[in-house]
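Those sequence lines, one after another, are chains A and B. Residues are numbered in the numbering used here as their position in the first sequence, beginning at 1, plus a constant of 22. Residues are numbered in the numbering used here as their position in the second sequence, beginning at 1, plus a constant of 87.
No lab work stands behind these hints, which were simulated from the structure alone. Bear in mind that the values here come from a model prediction, so they are computed numbers and not experimental data. Some hints could be false.
Only part of the chain B face toward chain A is listed, based on derived beta-carbon distances under 10 Å [as the list claims (entries may be wrong)]: (1) Ser112; (2) Tyr123; (3) Gln129; (4) Lys139; (5) Asn140; (6) Pro163; (7) Leu188; (8) Phe190; (9) Thr192; (10) Gly193; (11) Pro200.
Every residue, glycine too, gets a C-beta built ideally from N, C-alpha and C.
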Amino acid sequence: ETGVTQTPRHLVMGMTNKKSLKCEQHLGHNAMYWYKQSAKKPLELMFVYSLEERVENNSVPSRFSPECPNSSHLFLHLHTLQPEDSALYLCASSQDLSEVMNTEAFFGQGTRLTVV
Amino acid sequence: DAKTTQPPSMDCAEGRAANLPCNHSTISGNEYVYWYRQIHSQGPQYIIHGLKNNETNEMASLIITEDRKSSTLILPHATLRDTAVYYCIVPHISNFGNEKLTFGTGTRLTIIP
């Protein structure tokens with residue numbers, strides 16, 4: 023139990039569906055992140071939020087839409103996805119935006135997404 | 088960016104010490120070395136980090152060479168639950184000016200009964 027909770031753990035969706043992934047942290051952290059991990063590939067950073075503001079978007083297609091309504095919650099809205107978007111989507115949080123300045127990042131268990 | 092190089096895989100007998108090497112020859116003076124691990128189908132888990140001095144916590148020890156160009160993560164008494172992919176990371180500045188963790192392919196450590 024890392025203090026970062028992701029739901030659902032597994033999701034199967036069609037290419038025309040709209041779904042949302044949810045991430046919740048009660049660690050009092052100010053920064054939250056979405057990562058994507060495809061099969062046999064390294065983790066890729068998708069989005070970074072600091073104090074509810076998006077501060078980084080790493081060339082992610084617009085069919086992925088993040089939302090951070092408050093410092094404890096982060097969503098990833100999905101629409102018209104492609105089969106190649108099937109992956110493990112991981113949420114993480116850290117005390118501050120400078121996650122690596124003598125601090126650590128806490129990861130959720132991830133959502134295993136399958137697009138059919 | 089300070090890149091890291093790790094062996095793709097290693098085996099270790101249960102109960103023995105697992106020593107995982109990492110090369111980071113382009114690391115700069117103020118960059119930390121971080122270690123995370125990822126057990127199958129779970130999120131990465133922080134293990135330890137260090138700057139210059141050797142570090143130890145309840146999970147592992149981190150030995151950093153004097154020139155800081157390489158480090159070794161030591162799991163003193165490996166158990167089957169330590170089977171995972173281990174990532175050695177030197178954070179870098181992104182195009183947006185933020186420091187961030189970049190995960191490579193890591194070392195797949197298998198603990199053998």
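Hints versus structure:
1. Ser112: 19 Å, violated
2. Tyr123: Because about 8 Å separates B:Tyr123 from the closest Cβ in chain A, which is inside the 10 Å limit, the hint holds.
3. Gln129: 6 Å, holds
4. Lys139: 13 Å, violated
5. Asn140: 13 Å, violated
6. Pro163: At about 21 Å, which exceeds the 10 Å cut-off, the nearest Cβ of chain A leaves the hint on B:Pro163 violated.
7. Leu188: Holds, about 6 Å.
8. Phe190: Nearest chain A Cβ about 4 Å off; hint holds.
9. Thr192: 6 Å, holds
10. Gly193: Holds, because the Cβ-Cβ distance from B:Gly193 to chain A comes to roughly 8 Å (cut-off 10 Å).
11. Pro200: For B:Pro200, the interface hint is violated, since the closest Cβ of chain A sits about 26 Å away, which is over 10 Å.
The structure does not agree with the numbered hints 1, 4, 5, 6, 11 stated previously, though it agrees with the rest.
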